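Peer 1: Sequence:
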Amino acid sequence: MKLTIAQFQCTNVRLRNSRKGIVLVPVIVAAILITGVVTLVQSRSMARVTVLGHLSAELHRQIESDAVHALLAPVVSRAFVESVDTRSASIRLDGTPITFEFGQHKWHVSLQDVEGLVDIYLADPRVLQAAGLDAVQVDVFRRSLPEGKRFATVEQTFAHLDMTAGAAEFVTQSALSGRINLETVPSGLAGWAKQLPRNLILFSQPTTVRVGVRPGTGIEAQNF
11 MKLTIAQFQC TNVRLRNSRK GIVLVPVIVA AILITGVVTL VQSRSMARVT VLGHLSAELH
71 RQIESDAVHA LLAPVVSRAF VESVDTRSAS IRLDGTPITF EFGQHKWHVS LQDVEGLVDI
131 YLADPRVLQA AGLDAVQVDV FRRSLPEGKR FATVEQTFAH LDMTAGAAEF VTQSALSGRI
191 NLETVPSGLA GWAKQLPRNL ILFSQPTTVR VGVRPGTGIE AQNF
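Each residue of the sequence shown is one higher than the last, beginning at 11 in the working numbering.
Quick caveat, the hints were computed from the structure, so don't treat them as lab data.
Since we're looking at a predicted model, the values are computed, not measured.
Quick reminder that beta carbons are idealized off the backbone N, C-alpha and C, glycines included.
Treat the hints with care, as some may be off.
[What the hints assert, rightly or not] Distance ranges between label pairs, derived from CB positions:
1) H170 x S87: 20 to 26 Å
2) F161 x S197: 25 to 31 Å
3) A80 x E157: 33 to 39 Å
4) I211 x R160: 23 to 29 Å
5) R153 x I211: 24 to 30 Å
The task is simple: from the sequences and hints, build the whole structure.
Peer 2: Here you go:
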């Protein structure tokens with residue numbers, strides 16, 4: 011009988027352990043689910059904080075950029091006045107960069123007379139070729155457009171021409187002529203511009219200036 015009782019007791023012990031195991035399974039599963047939910051919520055919260063941080067930084071940068079543009083208005087006006095005699099001008103309109111600190115960034119500003127650039131819609135084929143553009147391709151493109159039709163930006167025009175944006179720095183579509191003003195041509199174009207025939211050179215004061223504002227990376231351009 012003792013043996014039987016011992017066997018019975020052992021059997022009961024095993025049954026109790028099995029039942030406890032069965033009871034613990036849902037608890038463990040629930041704990042795992044809760045842990046997963048908490049982790050997911052935390053990760054989403056961190057992602058939101060990161061996104062908000064980026065948005066806040068971008069907002070501050072944009073506010074500073076707008077302020078810089080506003081501060082440059084009198085500078086551009088002064089540059090227009092001084093352009094009457096470029097030899098004594100303190101502010102160049104040939105894209106020479108100006109660096110200064112404002113807000114939380116160091117800003118690089120350039121003032122460029124658009125007549126010193128290559129107008130992709132008006133420039134003579136010889137000017138286009140001298141600037142390294144495919145004059146035939148540009149001519150075919152211009153002929154395909156309805157009269158007076160232009161794309162909104164140089165970047166959009168380059169995209170339709172399937173050209174790389176690398177040369178866009180020296181290209182405009184805001185000029186009034188297809189000629190080049192040697193007084194305001196960027197240093198990167200000055201070499202070939204001086205070899206152009208006289209009828210492709212513009213002798214006049216600037217009328218429109220492209221202001222480039224660059225806070226370390228990226229560039230924003232605005233015409234004055």
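Peer 1: Evaluate each hint against the coordinates.
Peer 2: A quick look at each hint next to the structure:
no.	hint	verdict
1	H170 x S87: 20 to 26 Å	violated, 35 Å
2	F161 x S197: 25 to 31 Å	holds, 28 Å
3	A80 x E157: 33 to 39 Å	holds, 37 Å
4	I211 x R160: 23 to 29 Å	holds, 24 Å
5	R153 x I211: 24 to 30 Å	holds, 25 Å
When each numbered hint is compared with the structure, a violation occurs for hint 1 only.
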